[in-house]
Structures are given as structure tokens and as C-alpha cells.
Amino acid sequence: MPKSQVSLTVNGETVEALVEPRTLLIHFLREQLNLTGPHIGCETSHCGACTVDLDGKSVKSCTMFAVQANGADVRTIEGMAAADGTLHALQEGFREMHGLQCGFCTPGMIMRAYRLLQENGSPTEEEIRFGIAGNLCRCTGYQNIVKAIQYAAAKLGGVPLREAAE
Amino acid sequence: MNDMTPTAAERAEKLQGVGCKRKRVEDVRFVQGKGNYVDDLKLPGMLYGDFTRSPHAHARIKKIDAAKAKAVPGVLAVLTAADLKPLGLHYMPTLAGDVAAVLAEHKVLYQNQEVAFVVANDRYVAADAADLVEVDYEALPVVIDPFRAMAPDAPVLREDLEGKTDGAHGKRRHHNHVFNWQFGDKDATDAAFRKAEVTIKELISYQRVHPCPLETCQCVASFDKIKSELTVWGTFQAPHVIRTVASLISKIPEHKIHVIAPDIGGGFGNKVGAYPGYICAIVASIVTGRPVKWVEDRIENLSTTAFARDYHMTAEIAATRDGKVTGLRVDTIADHGAFDACADPTKWPAGFFNIVTGSYDFPVAHVNVDGIYTNKAPGGVAYRCSFRVTEAAYCIERAMDIMAQKLGMDPAEFRMKNLIRREQFPYTSALGWEYDSGDYHVALQKAMDTVGYAALRAEQKARQEAFKRGETRELMGIGVAFFTEIVGAGPSRNCDILGIAMFDSAEIRIHPTGSVIARLGTKSQGQGHETTYAQIIATELGLTADNIAIEEGNTDTAPYGLGTYGSRSTPVSGAATAVAARKIKAKAQMIAAHLLEVHDDDLEWDVDRFRVKGNPEQFKTMTELAWAAYNKVPPGMEPGLEAVSYYDPPNMTYPFGAYICVLDVDVDTGATKVRRFYALDDCGTRINPMIIEGQIHGGLTEAFGIAMGQEIHYDEDGNVTTASLMDYFLPTAVETPTWETDWTTTPSPHHPIGAKGVGESPNVGGVPCFANAVNDAFKFLGSTHIAMPHDHWRTWTVADKLGLHA
Numbered sequence: 007m008p009k010s011q012v013s014l015t016v017n018g019e020t021v022e023a024l025v026e027p028r029t030l031l032i033h034f035l036r037e038q039l040n041l042t043g044p045h046i047g048c049e050t051s052h053c054g055a056c057t058v059d060l061d062g063k064s065v066k067s068c069t070m071f072a073v074q075a076n077g078a079d080v081r082t083i084e085g086m087a088a089a090d091g092t093l094h095a096l097q098e099g100f101r102e103m104h105g106l107q108c109g110f111c112t113p114g115m116i117m118r119a120y121r122l123l124q125e126n127g128s129p130t131e132e133e134i135r136f137g138i139a140g141n142l143c144r145c146t147g148y149q150n151i152v153k154a155i156q157y158a159a160a161k162l163g164g165v166p167l168r169e170a171a172e
Numbered sequence: 056m057n058d059m060t061p062t063a064a065e066r067a068e069k070l071q072g073v074g075c076k077r078k079r080v081e082d083v084r085f086v087q088g089k090g091n092y093v094d095d096l097k098l099p100g101m102l103y104g105d106f107t108r109s110p111h112a113h114a115r116i117k118k119i120d121a122a123k124a125k126a127v128p129g130v131l132a133v134l135t136a137a138d139l140k141p142l143g144l145h146y147m148p149t150l151a152g153d154v155a156a157v158l159a160e161h162k163v164l165y166q167n168q169e170v171a172f173v174v175a176n177d178r179y180v181a182a183d184a185a186d187l188v189e190v191d192y193e194a195l196p197v198v199i200d201p202f203r204a205m206a207p208d209a210p211v212l213r214e215d216l217e218g219k220t221d222g223a224h225g226k227r228r229h230h231n232h233v234f235n236w237q238f239g240d241k242d243a244t245d246a247a248f249r250k251a252e253v254t255i256k257e258l259i260s261y262q263r264v265h266p267c268p269l270e271t272c273q274c275v276a277s278f279d280k281i282k283s284e285l286t287v288w289g290t291f292q293a294p295h296v297i298r299t300v301a302s303l304i305s306k307i308p309e310h311k312i313h314v315i316a317p318d319i320g321g322g323f324g325n326k327v328g329a330y331p332g333y334i335c336a337i338v339a340s341i342v343t344g345r346p347v348k349w350v351e352d353r354i355e356n357l358s359t360t361a362f363a364r365d366y367h368m369t370a371e372i373a374a375t376r377d378g379k380v381t382g383l384r385v386d387t388i389a390d391h392g393a394f395d396a397c398a399d400p401t402k403w404p405a406g407f408f409n410i411v412t413g414s415y416d417f418p419v420a421h422v423n424v425d426g427i428y429t430n431k432a433p434g435g436v437a438y439r440c441s442f443r444v445t446e447a448a449y450c451i452e453r454a455m456d457i458m459a460q461k462l463g464m465d466p467a468e469f470r471m472k473n474l475i476r477r478e479q480f481p482y483t484s485a486l487g488w489e490y491d492s493g494d495y496h497v498a499l500q501k502a503m504d505t506v507g508y509a510a511l512r513a514e515q516k517a518r519q520e521a522f523k524r525g526e527t528r529e530l531m532g533i534g535v536a537f538f539t540e541i542v543g544a545g546p547s548r549n550c551d552i553l554g555i556a557m558f559d560s561a562e563i564r565i566h567p568t569g570s571v572i573a574r575l576g577t578k579s580q581g582q583g584h585e586t587t588y589a590q591i592i593a594t595e596l597g598l599t600a601d602n603i604a605i606e607e608g609n610t611d612t613a614p615y616g617l618g619t620y621g622s623r624s625t626p627v628s629g630a631a632t633a634v635a636a637r638k639i640k641a642k643a644q645m646i647a648a649h650l651l652e653v654h655d656d657d658l659e660w661d662v663d664r665f666r667v668k669g670n671p672e673q674f675k676t677m678t679e680l681a682w683a684a685y686n687k688v689p690p691g692m693e694p695g696l697e698a699v700s701y702y703d704p705p706n707m708t709y710p711f712g713a714y715i716c717v718l719d720v721d722v723d724t725g726a727t728k729v730r731r732f733y734a735l736d737d738c739g740t741r742i743n744p745m746i747i748e749g750q751i752h753g754g755l756t757e758a759f760g761i762a763m764g765q766e767i768h769y770d771e772d773g774n775v776t777t778a779s780l781m782d783y784f785l786p787t788a789v790e791t792p793t794w795e796t797d798w799t800t801t802p803s804p805h806h807p808i809g810a811k812g813v814g815e816s817p818n819v820g821g822v823p824c825f826a827n828a829v830n831d832a833f834k835f836l837g838s839t840h841i842a843m844p845h846d847h848w849r850t851w852t853v854a855d856k857l858g859l860h861a
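Chains as they are written, first to last, in the numbering used here: chain A, 7 to 172; chain B, 56 to 861.
Among the hints, a few may not be true.
Stated by the list, open to error - Here chain A is said to cover these stretches of chain B; the calculated rule only asks that three of the stretch's residues, wherever they fall, bring their Cβ under 8 Å from a Cβ of chain A: (1) 492-503; (2) 575-583; (3) 740-749; (4) 774-785; (5) 835-842.
If you are wondering where the hints come from, they were derived from the structure by calculation, not from laboratory data.
Quick reminder that beta carbons are idealized off the backbone N, C-alpha and C, glycines included.
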């Protein structure tokens, strides 16, 4: 199958690659760029395990072709920690508040939460629950994910942190 | 002594041992996207496998033509039953003593059954070519209803079993019959019913559901032709068992098979069994000489690997007029699908369904279970529960409510009257289990007090009056459930898998500097084993948890174990961990005595050290003793400090809990809103309260999904109509209620640290609690039992049938 040239920015670095037109963005990220943080859970845009941030929006990368990302600015979970290894407030919050168990949904969930907090720096619990409704978790029951996002919102907003999870 | 106490407490706190809310070790990699799941694995030259599957639920295969598929550039092989048959691999043994087709030979028996396996150098090419395998089918009559499957003239499903009247569990009385299993005293139970003042009888069906972990089943098989060695990375909840099964069916010696379970993205029972994808990937790797990856997609996952439940239980309770239960009888039709692939211990074809007397003091009981073949996917796994325990809990908790209704008693009061009393433990149930410990009345009372039960009932009564007056269209339901789990399988006297006793193991090695590696026979799928096992060792040995590495899932390095399911990790491997640690501690004590020049008996343990009795200034810390173990051991003692334990549990453990759910039902839309859910769990000694709470949140959410919407549904033609996340309900953050958790602590008397296991309790107790709440909302209108799942449409239908829309 003839390949197309794509050029995009991924986690701050310019990437040039040849891809089949039908290659999904998730497969391009995982298999060509070896960014295995985003996961595949359903192939039908329901679970959100493949969520990445693309040009300021949360995108389910299982439902977008890599060629559609040509010219885009993409951020995956691998691009969240600082260069010196310091975790992003969301990554820290998920650990502090026990917002993950098997870890499979976590990269997508954090990327979705990242965009949510860009759009609304101090969301209510209801806004968080609505805001992450496109990302499924089978382990946590969401309650501690909500707390993790509240933790990050507080930290990013300079508000004193809540107590850690039970 | 007293002036030492604060120091000891500080030292203990530093260990991060049992009882503390230690942050999870695993999270550091998971929050950075650096988990190592099967599909992340990439090997040089790796190929991809994909299945051609049957569109029919029951059909004869007349011809398979793979020519077009083989012609696709990039396709290396197409396997069919004809290729596997000479190897004896077109069927594989199941854990339940049946066989299951790997690739269908003459017939397909359920929709999406595996027919051909395409191997290609790219996953897209494999999928393309799988579509090009041409199969001629002759459609046959389909049997979906397990009750109809037993009709004399029902179509014969398993032609391969023709003439076999003896199954793995006794006589088969019909061509679609798998087994009959009975337990309890039938005559005494029948007599109790003849004498009963009040009886109830209800068909209580638990619909077919699926565990649906977010990561599907997958593997990479790599056969090294030079060394004749096979390595399989896979989503295995029980990696050692997979290795043994692989060896038995492939004839590759077991030491030449390396099974590795890396990080697993949730299991919930889905990843216990062996599936055709694993066998085909292994064969394809042997045939091609290259690694072969097989990754299930979500539709394949929901429609082929490991359903759960599909139990149809006719429950009867006998009682006195004043509300004392006198007998229980349960007759169950168990739909096993096309092959009996239940993941149960060998001697238990219906799992531990005989826990169905629940938490109540039934003097007599009898259960009868008939397993039935139908044109549905095989499986019958324990979806976040011990074997068939959630079916049993749902059955008894619904039946108790129905009896309370008939007696005109409050369901909590009726339970209080019949709960096993504290002084009766250890308690032998009418169906043969010895419950290890419990304090049921205290738990239920605490739950009722916390939620303000009496006030809730008063509010409900007022609401019902208002409803009757036409002032509201909302009903209020209060669900009460009291469950007893049976976990930690299990004692070798009655539990085995393929003849291997269901012990589990831990091997602990102390390095000279006092850091530790421990390897276990279990396998975490999100439970946080790397965190919690280290806490057990930290407390037992006085070494800080942060210096203890936990390793699981590599069958070359871990001691043999039966894996993680049925909440068995803490009851069995957790016990092995404590026992192995105590062996190490005993040796360390001898070394300490040698160094301190005292007798062993002159020493006492103090958090992280042995000190001389009466002279606490004289001590050796465990870290010092670790160093000494490698250079200053007593004469005649071997150097080194390590131990292994294979723990054969003396009994199961019996976690329990009291749950209360309050919900509102809009009778015009059928929408339900959970207002409050309170869960009190007693799992014995609590190792990490943070992780326990997380497990309960997750289990309750899965229970909510099951009770309120999940169903693997088949139409009359055998089409599975709920095979993607479009149709199969997984709760999102929006629907999921907020959970209130609480606990009591009744340690297990036989477990070395008193722990009982907790991961599955919330599913076992949660499902009946939601169901009881929905039923409770309607019962004042004369309704006795509403079948799950309680989605809005079904609930609206109930309201409609009760004439509420007139």
C-alpha cells in the first residue's frame, strides 16, 4: 500500500514519518514511535484508553488516522513529566489519591484530565465526572480519580492540598 | 520499657508495614505510561495472528478455502483444524474436564467461534486476510435457551460427545446435558418443607455477563527452534498453570517453556483460562519460526472469551410464621455454552455454589445444579468473585427478601433473626462449609445505625403514601444485603486444578545489605501486590517495605503457584509470605543469639530487631543480621538468608459484609438514581486500608454495572447483540454512585496474619444490594421479584405492568 508522508510534533519533538493512509493514530504512536503509554481498549471510541491531546483537544487516537494528524501538535502521557523527571501534578495526584489500579486506563485518563483542567482550572465534582465520562475505568469506580483530579487542580491553582486518600 | 515505646512505634511506622496506607509502588511506572503490557512487546521479526470467525451460532462446516487469504502479500500461513488435527491440537482440554475446539473442524457451535488463524507480517494485513478465508456453512437449528436445550427433541450440539453418557462429573442424562451436581441432605430438606409454616419459591435468574477488563486477552508466543524452547508472554492470571497446560498439550518439556505475565490491564476472571488464540499463536510460532502476537479486539473479547453467570436458580425457603428459616432448596439450570470451560477447582463443577445458605443459620439445605450445553460462547468464569459465589449470594439475598415480604417482616429484621450468631463460629453450614469467623449482628447493626435505617423506612413509607395520593412519581427503594464470601481456594484435600493442589507460594531472599526480593506464585492485575506483599514482609521481618522488591509472573523465577483469582492472593500467597518470613526470622534469631552470645530463648523480637530479654540495649537489627548471615553464622549453619513456603491453607477464609443502598425510581422513565450506598466490609486483618477501599470502590462499580445494565444477550438465532461497548454497559463516572465504605475487623483464626481477602466481596454483596433496592421500591405494589439487569427500560416495563402508567 502506498505510504504518505506525515510531519507532526509529538511531545515537543518534530516527527517525520511514512505511514499507510489507513494507519490509525494509536498504532502510529505505539508501533512506529514506540510510545506505548496510550492503550487500545475497545477500537470503537468508547473507552478512552487511547486518549491523547491534539491541538488543544482530547482525541481518541483509535478513531483518527495518522495522516489526519499531519501538522498537529500531539501530547501523550510520555510528555507529561518535566524534563528532570518531576511528575506532573496529575501524575502525582493519581498516585497520592489512589486513582489507579491496573494502570491501563490511566494514561488516557490523565491526558483527558489534563485538557479538562486547561479548560476549567477548578472544576466541581460534577464537572469532573462529566468531563471524564468518555474514559472508562474498570478498577477504581472513579471516586479516587475525581479526588486525583481535584488534587491536581488544587496544586496547579496554588490551593492547599486535601488529605490523601483513605 | 515504657520509655522505649515511642521509639518502637516510630520504628514500626518507618517500616510501612501491615495496616498503613502505603502509596503504591506500581503507580510510578503506570502514571508515566511506562507499564509493560503484552501488546507493548515488540520482538524482531514478530508476526501477527488474527481469526476468521463464524457468523453462525450453529452450522456445519462444508468447506474452508484459504487460497485468497494466503495470496495476500505479507500472509505467511493460515491455520485451520486440518492443520492442528495431526498435532492433536484442534481440541484443547478445559479446566472443567471437557474439551473445547481450538479451531472448528466439522461444526461451529457459537457465533464468532474460531475457524481459521491467519498469520501475517502486519496486524492490518492479518485482519484483511482473515476476511478472505472462505467458509461454506450449512446452518443448523440454534439452541439458546438452556431450558429448551433439555427437551428430548432438542438439536444435538456436541456431536463429538455422541454416545458418551459419562461426563467429567458423572452421568449425562441428555445429549445437551453436561453434569448434575447435588449437595446437602435432600430427605431432611424435603421433610422441612413438608412441615413448613411458610414457604416461598421463585425463579431467580442471574443473566450472562462478561468481566470485560479494559485490556483484552493477548499473547506473544516465541519458539526458539535451536534450543527447542517456547516463551509465551500473555495476559495470564495463572501463569504457572498455563505453563503446565502448554506442556501437557504440546509435549514440550515444562522446563523448556517460559511463561511470563507482564503487567495486566485488569482481569476479573477473564484471564484465568486458556483460549484458542494462545494455542494458535504458539503453533504459528513453531510453524514459522518467528514470534507471533495475538491480540483480541473488544468484540472478540465480549463474544468469545470467558462469560460469567448464566445461572437460573429456583430458590425455595421454608420458615416458621415468626420468621425463623427452617430449610433451603435450590434447583439450578447452569448454561455453560458450547463447551464446559468453567474455571473451577476440579471437584466443584458448580464452584462453591453450596455457599448458597449465605450468612444464615439454615438447619437443612439441598442444592441441585444441572449444567447444560447451548449455542453460546464457553466460559463460566468467576467475574470478580470466588467460584459461583456471587450467583449464590444473589440467590439467597433475593430469596430472603422475598420471604421477608411474605412474612410481612422488615428485611433487615428478618436477617437479624436468622444470621449466624458470633458464638456459633467456627460454624459448619448445612451445605458443608466451615465458616472460620464472623460477627454478623454487629456488622449489620453498625450498617443500619450509620445510614439511619429506621428514618429511611419512615421516609419511604411517607413517599409511598404521597405516591398513592398522586403527589410524586418517584418511588424509594432501600436494599439490604448481608453476604458471606468463601475465598482463598484452597485446601489440597478438596481443591485442585488439573490435579495440582491449590496451594500458593512465596520465596523471600534477604540480600547482605538487608534489602529483599520476594517472588510469588500469584499475579497482580491491578490489586497492588508489589505494594501489599512488601508490607507483610516489612512487618514480619522489620525491614522497610521500600527496600523490598516483589516479583510475580515469571514462571522461571517465581515458585509454582496457582495464580490470582477467587480472592486467593492474600489468603494463600499472603499466608505463604508470612510463613516464609517466619522461617527467615527463626534463622535470624539463631544468628542474633550467636552474635550476642546468649541462648535463642533469651531473645525477644522488637519491631525490627532481636534484643536480649531484660537488657534492651543489647540487640541486633534485622539489617545487621542480614549482613551477618553472609559472614558470621553460627558454626554448622549454612550461610545465606532466604526461605520458600508452599502454603496449603487449612481452610477457606470467609469475608463478610453488610451493604445498604438507597435509590429513587422515576416510574415514568424507569430511571433510577442511587442516592446512597453504604458498604461495611470485614476482611479480617487489613493490610493496606487505602488499597482495600480502592478495591471496594471498584468492585461496587462492577456490581452496579451488572445489576443495573450488563448483559451478554443473544437473539433467537444465536447472534450476540451486546458485543461492543456500544451495547454492553460499563458505567462511566457520571452514572457511578459515590461509595461510602466502612469496616469491622474479625481476623481469620487460621490465617497467619488473620487476613481474609477483599477484592471480590463488593461484587458479591453489591449485586444483590442493588437488586434488592430496586425490588424494594416496587414491593408495596405487590411485586415480588424483578429480574436483573435493572436498566431503565426494564424498570419502566415493570412500572408499566404494575399499571402505573394508566
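Exercise for the section: Sort out which numbered hints this structure fails and list those numbers smallest first. Expected result: 1, 5
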